[in-house]
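**Student:** Next come the chains, spelled out residue by residue.
Number of protein chains: 6
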Amino acid sequence: MANFDGPGFSMVDESWIQTKAIDIEPSTDFSPYLSRILEDCVWNGNRAIVFDVYWDVESVNTKSERPLSSVKLSTKNLCLFLRLPNQFSDNLKDLYRFFASKFVTFVGVQIEEDLVLLKENHGIVIRSYLEIGKLAAVARGTPIVEFLGARELAHKILSCDTSRLDSIQSKWDEAGGDDRLEAAAIEGWLIYNVYDQLQQ
Amino acid sequence: MANFDGPGFSMVDESWIQTKAIDIEPSTDFSPYLSRILEDCVWNGNRAIVFDVYWDVESVNTKSERPLSSVKLSTKNLCLFLRLPNQFSDNLKDLYRFFASKFVTFVGVQIEEDLVLLKENHGIVIRSYLEIGKLAAVARGTPIVEFLGARELAHKILSCDTSRLDSIQSKWDEAGGDDRLEAAAIEGWLIYNVYDQLQQ
Amino acid sequence: MANFDGPGFSMVDESWIQTKAIDIEPSTDFSPYLSRILEDCVWNGNRAIVFDVYWDVESVNTKSERPLSSVKLSTKNLCLFLRLPNQFSDNLKDLYRFFASKFVTFVGVQIEEDLVLLKENHGIVIRSYLEIGKLAAVARGTPIVEFLGARELAHKILSCDTSRLDSIQSKWDEAGGDDRLEAAAIEGWLIYNVYDQLQQ
Amino acid sequence: MANFDGPGFSMVDESWIQTKAIDIEPSTDFSPYLSRILEDCVWNGNRAIVFDVYWDVESVNTKSERPLSSVKLSTKNLCLFLRLPNQFSDNLKDLYRFFASKFVTFVGVQIEEDLVLLKENHGIVIRSYLEIGKLAAVARGTPIVEFLGARELAHKILSCDTSRLDSIQSKWDEAGGDDRLEAAAIEGWLIYNVYDQLQQ
Amino acid sequence: MANFDGPGFSMVDESWIQTKAIDIEPSTDFSPYLSRILEDCVWNGNRAIVFDVYWDVESVNTKSERPLSSVKLSTKNLCLFLRLPNQFSDNLKDLYRFFASKFVTFVGVQIEEDLVLLKENHGIVIRSYLEIGKLAAVARGTPIVEFLGARELAHKILSCDTSRLDSIQSKWDEAGGDDRLEAAAIEGWLIYNVYDQLQQ
Amino acid sequence: MANFDGPGFSMVDESWIQTKAIDIEPSTDFSPYLSRILEDCVWNGNRAIVFDVYWDVESVNTKSERPLSSVKLSTKNLCLFLRLPNQFSDNLKDLYRFFASKFVTFVGVQIEEDLVLLKENHGIVIRSYLEIGKLAAVARGTPIVEFLGARELAHKILSCDTSRLDSIQSKWDEAGGDDRLEAAAIEGWLIYNVYDQLQQ
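Protein chains in written order, with the working numbering: chain A, 16 to 215; chain B, 16 to 215; chain C, 16 to 215; chain D, 16 to 215; chain E, 16 to 215; chain F, 16 to 215.
Any given hint could be a false lead.
As the list makes no split between identical chains, a pair holds if one copy fits it or if it spans any two.
Claimed, not checked - Below are the DSBU-like pairs computed for lysine-lysine, each with C-alpha atoms no more than 35 Å apart in a straight line:
#	residue 1	residue 2
1	K186	K91
2	K171	K91
3	K171	K134
Worth flagging that the hints you see were computed from the coordinates, not collected in a lab.
Just so you know, these numbers come straight off a predicted model, no measurement behind them.
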């Protein structure tokens, strides 16, 4: 059974996010974690999985490839952080298959470029996705929110306290692994709640 | 005569969906099933066939090809699930020809990427299609529904009970073949009814 | 003189459509039929020719070519059905020249993909055309009609009886040549009348 | 001095169009005719030159080239019809230079494809142009006029008698050279007047 | 010090435009003239430089290259006309650098194609530009002005007397160098004033 | 600790901008300066970093490459000006990584072309950005501001005194290094304040 046995973090509304960070190696079977994410998503009632992707810029000057370095997946209660290997290995197909699912809507912030890069560099096509800023702009009639990052968007829509996130991100280079994981969890949770709010 | 002799499922409004799943081999003649789908569609009065396509990610890392692995076709009373072979065989042209028909409108959820992939990878051009979320968003004046998956879209438009679907999808990896077929049938039926509702 | 000596069909409003189906061979001179279509179009007062094109999927798997297999042209009183040869022959230029005319507006249903394929595969450019569903959607303020096929569109705009068409199309595989020609004539006539209606 | 010594035609409002048709050969100097068109355009007060282009479909099956076969240029009082040679000759640059002018607005009907073909096949870029149907649709709030040909558009905007044009175009294949020139002059005159009307 | 010692022209409102025409050769240092244009622009309060570009059609049939033949730059008081050499020479980089400036907004009429050609043929990217007709159409709610040339646009927005311009342009082939320069100056001045007017 | 020990400048509202200009060499570690920019941005409450990029036109005629020559980054209190080396060196990845951040929104004026060039020439993808003129045009209902440069945009939105900036930019070729840095700082500060204003 997939156990989110990484650190847990308390959000400003007292809710609790359980995390798991995995360094994927060719032998790592991380599919049970994806299954639990999916399960949590389905039972939370709005079928949203918040995601973010991170790119390796090491090889960027060659322009030939922009490899995906890590992926964050968040639901109401869980946050999964996957660090990908440099080399393609067969188990990554579990992730590709997961992204292709139409059971759920993949929700992200400023993801337009990411979607292009996912297809160009890895042949990954997320078929069911939502650029949340664009939707929020239309739904709220405030054009500026289309262009905001996760924290500012959440700030506008939820008006909740983000001082913990600010504190970590302002000293990012000095932040430790757990702090960074907490920031990832907070951002995921913020977007999840923005989406939940917009649904109503 | 094409016999939908797979399991039948009862929907939440007591209607009944008869299914058929076919593993296509070079010698399989599945065209009578397509004819019956077409016939059922024409007589149901709104000329809609709900479809979904599934892609094989096995060869995705090569980026050169994304083969279609299966296709779902749903009308008011029927659900046909076709599993395609790895190799192209001549009888697949019956499916290609079916998709090209302008007798009917092919209705799907989040199909934009699928249409691109169908043309790029298989040279299939569906000429008469409808992205139902986009239409629902305009027709109902609620932008968010454009970005929802099948279940959430149906939930918003039809407000019907989807607990059976939730139950199967939340435990997808453990679900058996019949459960998965039932989920496919339910999703098809939901979208069919969303379309029917929007027509009025 | 071009004689539309194929079967004639009575429409639901008692009007009469005279048809002609031609298998084009290198020596066939079908240009007088095009001239008569043009003449009928000009005198009918709205300068509309309804068209539909059909594609050969036999060679579709190679992706290199999608040959045009037949073309339907309809005016108020006439319906011409041209079956094209596999090989290009010089007389086809009469058809290409006809499509290039700006005397008339070529009216079709869900033709966007067809226009792309005509240019890509045959270098044919229809310069004056109308996607009638798109116009109907704007003119009537009902977005859904943009995505409908010919029969459903006509049903929405004209509310006329289409049972004869339904009857043929629901049993398409068993339909004989004359039945299929009648269906083609009915569809052409329906779209012609939709266009005529929208003009007013 | 450029003499429009071709036949003159009387329009339905008693105005007179003087025409000139020229078969361009390498030694033909047609630039004085372009100068007179320009001059007439400038003094007519709205700086509009109506144009239409015609394509040779003889070589269309090779798809590599679609040569321009003739060009029509109309102002308030003049109509110039240029038949182009098969081979490029240096004097054609006078025409290219003329099209590049920003002194005037080149006005056409359904010209979108023509502009693409002019650039693709001849490197001609008309920098100042107007698709008149699109403008008329916006200016009059009637979407359908965007998609009409010259005659129908004029009919909707000007409500003038077009029976002479109808008479020629309905028997196009049997029409003589002067009749065709008259039809060209009438179409040019109609569009000129539509533009003039929309300006007010 | 850059001296605009070409002919000066009086505009219809008694303002005065000082001109300079330069035939650029590899040794010509025209950058002081660009500096003075920039200076005049900054002090005129609206940071607008009106520009127009002219293309050489001599080599157009090869389709491989469309060289820029001359450039006009106008501010409130100055008009600079640069004739470019056939061969690239190092001093042209001063012009490229000038176009790249974001200090100012480059204002033009029907410039969409020109911007494409500048990038395609010379690698020049104007980053801060304004298609003035498009803006005028929105600002004034009159769609037609989007498609007008400089003179007609000015006529609609400023309603000023353009008889001098008309007089030169109607006899363009016979116009001398100074007359052409005056026409260039008048057009630049007209657009400058349109922009100034729209700012208010 | 990253010390912005370049000249400081007083803005018209008495606020103070501390600057730092760095000539990047392969051994330069400028990442602490980026960290301080980030930190300042996070604590300023609106998560905006104003940026501008400058292109080297030296190699522009070859069309094969348009290298980035310098980058300006501004927050409420800081302005960092980075001059890039001709050759790619490994430390530039710190800049690429910085641009990829979604913590913040990168705000610029007329950046559309710049974003294209950054990807085409350097493989840099800024995922979270805002073209501020476009937003201002929508937010204020004044279409013209979309097309203005930094100074004019600020002038329209903030109505503040820009005489110091005007003074430097009007004599740009004669301006010294410190004056140019001051101009950069003023422009950055202006845009920062425009963004701040639009947020409210």
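**Student:** Does each hint fit the structure? Answer for all of them.
**Tutor:** Do the hints match the structure? See the list:
1. When the C-alpha separation of K186 and K91 is checked against a cutoff of 35 Å, the pair qualifies both within a copy, at 27 Å, and between copies, at 17 Å.
2. Taking the shortest Cα distances, K171 and K91 sit within 35 Å of each other both inside one copy (20 Å) and across copies (20 Å).
3. In this assembly of identical chains, the alpha carbons of K171 and K134 lie at most 35 Å apart whether taken from the same copy (31 Å) or from different copies (30 Å).
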